[in-house]
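Peer 1: The hints should help you fit chain B onto chain A, whose structure is shown.
First to last, the sequence lines map onto chains A and B. In terms of the numbering used here, the first sequence is numbered consecutively and its last residue is 656. In terms of the numbering used here, the second sequence is numbered consecutively and its last residue is 656.
Read the hints as simulated data drawn from the structure, not as lab findings. Certain hints may be false.
Mimicking EDC-like on lysine to aspartate or glutamate, the simulated pairs with C-alpha atoms at most 20 Å apart in a straight line are [stated by the list, open to error]: (1) B:K492 x A:E327; (2) B:K519 x A:D602; (3) A:K454 x B:D602; (4) A:K446 x B:E410; (5) B:K492 x B:D521; (6) A:K607 x A:E410; (7) A:K494 x B:E409; (8) A:K493 x B:E409; (9) B:K454 x A:E327; (10) B:K326 x B:E384; (11) B:K461 x A:D412; (12) A:K454 x B:D521; (13) B:K519 x A:E410; (14) A:K492 x B:E384; (15) B:K624 x B:E558; (16) B:K493 x A:E409; (17) B:K446 x A:E327; (18) B:K446 x A:E409; (19) B:K493 x A:D412; (20) B:K454 x A:E469; (21) B:K326 x B:D602; (22) A:K493 x B:D412; (23) B:K399 x B:E384; (24) B:K519 x A:E327; (25) A:K519 x B:E469; (26) A:K461 x B:D412; (27) A:K519 x B:E410; (28) A:K446 x B:E409; (29) B:K454 x A:D587; (30) B:K494 x A:E469; (31) A:K446 x B:E558.
Stretch-level coverage of chain A by chain B, calculated; a stretch enters the list once three of its residues show a Cβ under 8 Å from a Cβ in chain B [unchecked claim]: (32) 372-380; (33) 570-581.
Heads up, the beta-carbon is just placed ideally off N, CA and C, and yes, glycines get one too.
There are 2 protein chains.
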Amino acid sequence: MAKMSVTPWEVSGDINYDKLVKEFGLSKIDSKMLERIKKHTKELHPMLSRGIFFAHRDLNWILDEYEKGNKFFLYTGRAPSGPVHLGHILVWEFTKWLQEKFGVELWFQFPDEEKFLFKQNLTFEEIDKHLHDNMLDIIALGFDPNKTHFIIDTQHANLMYKEACKVAKKITFSNVKAVFGLTNESNIGSIFYTSMQAVPAFLPSVLKKKKIPCLIPHAVDQDPHFRLTRDILPKLDHYKPASIQSSFIPPLTGTKGKMSSSKESSIFMTDTPEEVKKKINKYAFSGGQPTTEEHRKKGGNPDVDVSFQYLKMFFEPDNKKLKKIEQDYKSGKMLTGELKQILIEKINNFLKQHQKKRKLAENQIDKFIYSA
Amino acid sequence: MAKMSVTPWEVSGDINYDKLVKEFGLSKIDSKMLERIKKHTKELHPMLSRGIFFAHRDLNWILDEYEKGNKFFLYTGRAPSGPVHLGHILVWEFTKWLQEKFGVELWFQFPDEEKFLFKQNLTFEEIDKHLHDNMLDIIALGFDPNKTHFIIDTQHANLMYKEACKVAKKITFSNVKAVFGLTNESNIGSIFYTSMQAVPAFLPSVLKKKKIPCLIPHAVDQDPHFRLTRDILPKLDHYKPASIQSSFIPPLTGTKGKMSSSKESSIFMTDTPEEVKKKINKYAFSGGQPTTEEHRKKGGNPDVDVSFQYLKMFFEPDNKKLKKIEQDYKSGKMLTGELKQILIEKINNFLKQHQKKRKLAENQIDKFIYSA
Numbered sequence: 285m286a287k288m289s290v291t292p293w294e295v296s297g298d299i300n301y302d303k304l305v306k307e308f309g310l311s312k313i314d315s316k317m318l319e320r321i322k323k324h325t326k327e328l329h330p331m332l333s334r335g336i337f338f339a340h341r342d343l344n345w346i347l348d349e350y351e352k353g354n355k356f357f358l359y360t361g362r363a364p365s366g367p368v369h370l371g372h373i374l375v376w377e378f379t380k381w382l383q384e385k386f387g388v389e390l391w392f393q394f395p396d397e398e399k400f401l402f403k404q405n406l407t408f409e410e411i412d413k414h415l416h417d418n419m420l421d422i423i424a425l426g427f428d429p430n431k432t433h434f435i436i437d438t439q440h441a442n443l444m445y446k447e448a449c450k451v452a453k454k455i456t457f458s459n460v461k462a463v464f465g466l467t468n469e470s471n472i473g474s475i476f477y478t479s480m481q482a483v484p485a486f487l488p489s490v491l492k493k494k495k496i497p498c499l500i501p502h503a504v505d506q507d508p509h510f511r512l513t514r515d516i517l518p519k520l521d522h523y524k525p526a527s528i529q530s531s532f533i534p535p536l537t538g539t540k541g542k543m544s545s546s547k548e549s550s551i552f553m554t555d556t557p558e559e560v561k562k563k564i565n566k567y568a569f570s571g572g573q574p575t576t577e578e579h580r581k582k583g584g585n586p587d588v589d590v591s592f593q594y595l596k597m598f599f600e601p602d603n604k605k606l607k608k609i610e611q612d613y614k615s616g617k618m619l620t621g622e623l624k625q626i627l628i629e630k631i632n633n634f635l636k637q638h639q640k641k642r643k644l645a646e647n648q649i650d651k652f653i654y655s656a
Numbered sequence: 285m286a287k288m289s290v291t292p293w294e295v296s297g298d299i300n301y302d303k304l305v306k307e308f309g310l311s312k313i314d315s316k317m318l319e320r321i322k323k324h325t326k327e328l329h330p331m332l333s334r335g336i337f338f339a340h341r342d343l344n345w346i347l348d349e350y351e352k353g354n355k356f357f358l359y360t361g362r363a364p365s366g367p368v369h370l371g372h373i374l375v376w377e378f379t380k381w382l383q384e385k386f387g388v389e390l391w392f393q394f395p396d397e398e399k400f401l402f403k404q405n406l407t408f409e410e411i412d413k414h415l416h417d418n419m420l421d422i423i424a425l426g427f428d429p430n431k432t433h434f435i436i437d438t439q440h441a442n443l444m445y446k447e448a449c450k451v452a453k454k455i456t457f458s459n460v461k462a463v464f465g466l467t468n469e470s471n472i473g474s475i476f477y478t479s480m481q482a483v484p485a486f487l488p489s490v491l492k493k494k495k496i497p498c499l500i501p502h503a504v505d506q507d508p509h510f511r512l513t514r515d516i517l518p519k520l521d522h523y524k525p526a527s528i529q530s531s532f533i534p535p536l537t538g539t540k541g542k543m544s545s546s547k548e549s550s551i552f553m554t555d556t557p558e559e560v561k562k563k564i565n566k567y568a569f570s571g572g573q574p575t576t577e578e579h580r581k582k583g584g585n586p587d588v589d590v591s592f593q594y595l596k597m598f599f600e601p602d603n604k605k606l607k608k609i610e611q612d613y614k615s616g617k618m619l620t621g622e623l624k625q626i627l628i629e630k631i632n633n634f635l636k637q638h639q640k641k642r643k644l645a646e647n648q649i650d651k652f653i654y655s656a
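Okay, chain A solo, but in the shape it has when bound:
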């Protein structure tokens, strides 16, 4: 087993989510919690029922408050440093569902300085280009423009920097050394950065001059930031933000680590149908057997098959259909090529719609960017 590493800057190895729950001090999402959510949402999102969102902090408190009529707001984000790929949109699709089902506001942070500070050769010129493109992808996912507010760290610094200083005053270098593994040779911007990531968790409360509960849907690698945020916010007379954690969509090449834009084997939101077909056929790690004969006899292993995992995590919401594919693949009735073909069609249908909406998004950017 490859050694597991899960930090905001690196995800690699075989990821043991139960171990992460323990190490990070998360609560697993159990059937009782699912029932409680369903009471409000009527149906459960497949990412919940299938355990893709697998853990949380203080979700019971969020629902207590909601039931008392005290609505929460959602906070998630994107550090623009490259094009959006399928690995990114998992959390956002689920966030959109939460926005719809609970009728709540979403504050979407674009920490455009984060990757600038953490990546040696990245410039703000490149980041600005990605920022614009990333916003198009996020708008195209269909968030409610009347309830969604984009905040961009360097462009909303008049609102954020002062609040970040209040957070920063409560965090020492020793803290960030321990939590993020920063060193004496880390640059002082990267050392300060986590204070900026904390701000959207209470900025709406500052702007509206009343305490509003915050729920942060995020991939589990971002947890160190929000652990620290949760420690600090009560000291500033803000609520501790609640959170809900997703697992990672694996890279095409296998079930270790997470899909990453630095790898060629990711599927980007702007890929053409031909590119998708080529990538899946060429790279998607297969749980099938070396020969058709052997596959018919022994069957495939859907647990390590990336195509099946993508269907499970995102592209086949219908439980019955998914079950059928799983059984057929396991039994050897369905070959890897056939499984891949199903996925290719699903992805290309999705991207066709997405790319259409992405074009229309250009005119909506201004509506989404927060202004007081």
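Peer 2: Frame of chain A, contents of chain B only:
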């Protein structure tokens, strides 16, 4: 001799300016430099001829560029954390003179987060109050409203934070540990802060999209910030800022350290004539003899006499008059009480005018605060 300490956060002990020149790597202002300045200014400000501004970096380069028609801009500042006292205005008065004589722009920074980050119990509510009051005092000094731009870190963060990140990326924790003595227990805002203090040294160049030389008049305790700034800026394709350093106005109680707003024995810009009289008579450290008889015989020592030093540093610009006072005091002809009386009158005249202009400043604040 009390041990000398000169950092942006502490000035104490017997200050040996020659030693500082060596330690900080400054150039002394010599007669040749004074001549060169005089060529442009016609007359020399007493703070130059009397060595109150005693050192510089790259002032020859600033004048080279000026002579080529490439005007510099001035940058100085004030971290609002208390009321303005006489110790503060030394640098600003001289800065105003530079603005007038060279006809240049001044960028005046109010780093309102600095003292918040470095002082345990200071809140932004208190700082905001001081910020407003401090701006009144600075406007009252008579800067040209058409050539002076106030920038307030938290309110101009949209312009500053991104640029500060570019600076921060080039500075490690090891650097700020070495330069400022920060430790693992320093908060991460204080660690980041020096990046914000660097920004006004090149912000006008960014805004005007051309490289403009910068001259920073400052009290010598701020030098560590600007040493670091000078190291970084060429890496960002900006000019190294030039600088000119002043010595400190001593506290009323003696010639060690500097006047500090945390001490009761400072003279504030809003003090009444009675308060000034009382403070000078009660606290101003005297270089005179214990008894009148002894004083008449041995004479006083103007070098340690705070009242004489204030006249020399600020309140008696006339060289002949100052010389006469010095001689009379040294010879024993002038008593400490008489010397103090001269200073009290000078200060009260100055404050009377200042307080009048300070009232009128209220309506001018908006004109001074930078807006794009």
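Peer 1: Determine for every hint whether it applies to the structure shown.
Peer 2: Verification of the hints:
Between B:K492 and A:E327 the CA atoms are separated by roughly 56 Å; this puts the pair beyond 20 Å, and the hint is violated. Taking the CA atoms of B:K519 and A:D602, the gap is about 56 Å. The hint is violated against a cut of 20 Å. Under the criterion of a C-alpha separation no larger than 20 Å, the hint pairing A:K454 with B:D602 is inconsistent with the structure, at around 51 Å. Proximity of A:K446 to B:E410 is assessed by CA-CA distance (about 14 Å); at most 20 Å being required, the pair is judged to hold.
With a C-alpha separation of about 15 Å, the suggested pair B:K492 and B:D521 falls inside the 20 Å cut-off, and the hint holds. At roughly 43 Å between alpha-carbon atoms, A:K607 and A:E410 are farther apart than 20 Å, so this suggested pair is violated. Distance check on the hinted pair: A:K494 and B:E409 sit about 18 Å apart at the alpha-carbon level, within 20 Å; holds. About 15 Å separates the Cα atoms of A:K493 and B:E409, which keeps this hinted pair within 20 Å; it holds.
For the proposed pair B:K454 and A:E327, the alpha carbon gap of about 51 Å is over 20 Å, so the pair is violated. Taken as a hint, the B:K326 and B:E384 pair is honoured in the structure, with Cα atoms around 12 Å apart against an allowance of 20 Å. At roughly 32 Å between alpha-carbon atoms, B:K461 and A:D412 are farther apart than 20 Å, so this suggested pair is violated. A threshold of 20 Å between alpha carbons decides the hint, and for A:K454 with B:D521 the separation of about 34 Å lies outside it, so the pair is violated.
Taking the CA atoms of B:K519 and A:E410, the gap is near 19 Å; set against the 20 Å cutoff, the hint holds. For a cut-off of 20 Å, the pair hint linking A:K492 to B:E384 is broken: about 46 Å separates their Cα positions. The hinted pair formed by B:K624 and B:E558 meets the criterion: a straight-line CA distance of about 14 Å does not exceed 20 Å. The hinted pair formed by B:K493 and A:E409 meets the criterion: a straight-line CA distance of about 15 Å does not exceed 20 Å.
For the suggested pair B:K446 and A:E327, the alpha carbons sit about 44 Å apart, so the restraint of at most 20 Å is broken. Of the supplied pair hints, the one linking B:K446 and A:E409 holds, its CA atoms being roughly 12 Å apart against a limit of 20 Å. With a CA separation close to 18 Å, the supplied pair B:K493 and A:D412 stays within the 20 Å bound. Distance hint between B:K454 and A:E469 is fulfilled; the C-alpha atoms sit about 10 Å from each other, no more than 20 Å.
Between B:K326 and B:D602 the CA atoms are separated by roughly 16 Å; this keeps the pair inside 20 Å, and the hint holds. Taking the CA atoms of A:K493 and B:D412, the gap is near 18 Å; set against the 20 Å cutoff, the hint holds. Restraint check for B:K399 and B:E384: the C-alpha separation of about 30 Å exceeds 20 Å, so the hint is violated. As the CA atoms of B:K519 and A:E327 are separated by approximately 56 Å, the hinted pair breaks the 20 Å bound.
A C-alpha spacing of about 18 Å is found between A:K519 and B:E469, which places the hinted pair at or below 20 Å, so the restraint holds. With a C-alpha separation of about 32 Å, the suggested pairing of A:K461 with B:D412 is violated against the 20 Å cut-off. Taking the CA atoms of A:K519 and B:E410, the gap is about 19 Å. The hint holds against a cut of 20 Å. Pair hint A:K446 plus B:E409 holds up; C-alpha atoms about 12 Å apart against a cutoff of 20 Å.
For a cut-off of 20 Å, the pair hint linking B:K454 to A:D587 is broken: about 45 Å separates their Cα positions. This hinted pair does not check out: B:K494 and A:E469 have alpha carbons roughly 32 Å apart, beyond 20 Å. Taking the CA atoms of A:K446 and B:E558, the gap is about 40 Å. The hint is violated against a cut of 20 Å. Counting residues of the region 372-380 of chain A whose beta-carbon sits less than 8 Å from any beta-carbon of chain B gives 0, not enough to reach three: the coverage restraint is violated.
Check result for the region 570-581 of chain A against chain B: violated, 0 residues qualifying (beta carbon to beta carbon below 8 Å, three or more required).
The structure fails hints 1, 2, 3, 6, 9, 11, 12, 14, 17, 23, 24, 26, 29, 30, 31, 32, 33 (numbered hints given earlier, in ascending order).
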